[in-house]
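At position 75 of the sequence shown (counting the first as 1) the number is 97 in the working numbering, and the numbers step up by one without a gap.
I should point out that these hints are in silico values taken from the structure, not numbers from a laboratory.
Predicted model only: the values in this text are computed from it and were never measured.
A couple of the hints might just be wrong.
To be verified - Below are the DMTMM-like pairs computed for lysine to aspartate or glutamate, each with C-alpha atoms no more than 25 Å apart in a straight line: (1) Lys82 / Asp35; (2) Lys34 / Asp125; (3) Lys85 / Glu37; (4) Lys34 / Asp61; (5) Lys82 / Asp125; (6) Lys85 / Glu63; (7) Lys85 / Asp125; (8) Lys85 / Asp61; (9) Lys85 / Glu112; (10) Lys82 / Asp65; (11) Lys34 / Asp81; (12) Lys82 / Glu37; (13) Lys34 / Asp92; (14) Lys34 / Glu63; (15) Lys34 / Asp65; (16) Lys34 / Glu77; (17) Lys34 / Glu112; (18) Lys85 / Asp65; (19) Lys85 / Asp35; (20) Lys85 / Glu101; (21) Lys82 / Asp61.
Unchecked claim - Label-pair restraints from in silico Cβ distances: (22) Ser99 / Arg39: 17 to 27 Å; (23) Asn24 / Met107: 16 to 26 Å; (24) Glu77 / Pro57: 11 to 21 Å.
Here a beta-carbon is modelled for each residue, glycine too, at the ideal position from N, C-alpha and C.
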Amino acid sequence: MNSVSLIGRFTKDPELRYTPTGTAVCNFTLAVRNPFNPDGEADFPQCVAWGNGAELIADKHVKGNMIGVDGRIQTRSYENNDGQMVYVTEVNVNAIHLIQTKDYVENANNNGNNRGNANNRNNGNGNKGNKNNSKGNGRGKGQF
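Given only the sequences and the hints, what does the whole structure look like? Please build it.
Below, the structure is given as structure tokens:
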């Protein structure tokens, strides 16, 4: 099985181009944390996305944004202008998971960081800190 899932940050803005037949192609590199490296250094896999996914990535992401991708490892080779063979290993992306987009960053910068408000909201059950929440069915005293 050839399957890979990554979460990382763009090392630079994604590059969008189109094939002669009009298919969108987006190339990008992610900085992905390597949990096995004690120095905290990252890996930098090259990725390629096609079609609507390629356009979405290019439209919604900039350097530093976080994204999740699923795909497969592919290798290819070509001859460069000097006549030398160049071998490339990259992730061919077949699914994307939008974690952080440039719109999210722009809104956060324009509106201040309001994330704390959502995290500190009472969940509406009125029993915040009520020790009766652990009794019985877990619904707390007086709740149905």
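Quick rundown of the hints versus the structure:
For the proposed pair lysine 82 and aspartate 35, the alpha carbon gap of about 10 Å is at most 25 Å, so the pair holds. Between lysine 34 and aspartate 125, the direct Cα distance comes to roughly 17 Å. Compliance with the 25 Å bound is thereby established for this hinted pair. Taken as a hint, the lysine 85 and glutamate 37 pair is honoured in the structure, with Cα atoms around 11 Å apart against an allowance of 25 Å. For the hint linking lysine 34 to aspartate 61, the alpha-carbon distance of about 23 Å falls within 25 Å, and the restraint holds.
Between lysine 82 and aspartate 125 the alpha-carbon distance is near 7 Å, which keeps this suggested pair within the 25 Å criterion. For the proposed pair lysine 85 and glutamate 63, the alpha carbon gap of about 18 Å is at most 25 Å, so the pair holds. Only pairs whose Cα atoms come within 25 Å are accepted, and lysine 85 paired with aspartate 125 is accepted, the gap being roughly 13 Å. Taken as a hint, the lysine 85 and aspartate 61 pair is honoured in the structure, with Cα atoms around 23 Å apart against an allowance of 25 Å.
With a C-alpha separation of about 19 Å, the suggested pair lysine 85 and glutamate 112 falls inside the 25 Å cut-off, and the hint holds. Taken as a hint, the lysine 82 and aspartate 65 pair is honoured in the structure, with Cα atoms around 23 Å apart against an allowance of 25 Å. Among the hinted pairs, lysine 34 with aspartate 81 is consistent with the structure: their alpha-carbon atoms are about 14 Å apart, no more than 25 Å. Between lysine 82 and glutamate 37, the direct Cα distance comes to roughly 12 Å. Compliance with the 25 Å bound is thereby established for this hinted pair.
Among the hinted pairs, lysine 34 with aspartate 92 is consistent with the structure: their alpha-carbon atoms are about 20 Å apart, no more than 25 Å. In summary, the hint linking lysine 34 to glutamate 63 is supported, as the alpha carbons are separated by about 17 Å, within the 25 Å threshold. Between lysine 34 and aspartate 65 the alpha-carbon distance is near 15 Å, which keeps this suggested pair within the 25 Å criterion. Note on lysine 34 and glutamate 77: the hinted pairing holds, with a Cα-Cα distance of about 16 Å set against a maximum of 25 Å.
At most 25 Å may separate the alpha-carbon atoms for a hinted pair to count; lysine 34 and glutamate 112 meet this at roughly 16 Å. Pair hint lysine 85 plus aspartate 65 holds up; C-alpha atoms about 16 Å apart against a cutoff of 25 Å. A threshold of 25 Å between alpha carbons decides the hint, and for lysine 85 with aspartate 35 the separation of about 5 Å falls inside it, so the pair holds. At most 25 Å may separate the alpha-carbon atoms for a hinted pair to count; lysine 85 and glutamate 101 exceed this at roughly 30 Å.
Among the hinted pairs, lysine 82 with aspartate 61 is inconsistent with the structure: their alpha-carbon atoms are about 31 Å apart, more than 25 Å. Against the hinted window of 17 to 27 Å, the Cβ-Cβ separation of serine 99 and arginine 39 comes to about 20 Å, which satisfies the hint. Range check, asparagine 24 to methionine 107: Cβ separation about 23 Å, and the 16 to 26 Å hint holds. Remark: the range hint 11 to 21 Å for glutamate 77 to proline 57 is contradicted by a beta-carbon distance near 32 Å.
Of the numbered hints listed earlier, those contradicted by the structure are 20, 21 and 24.
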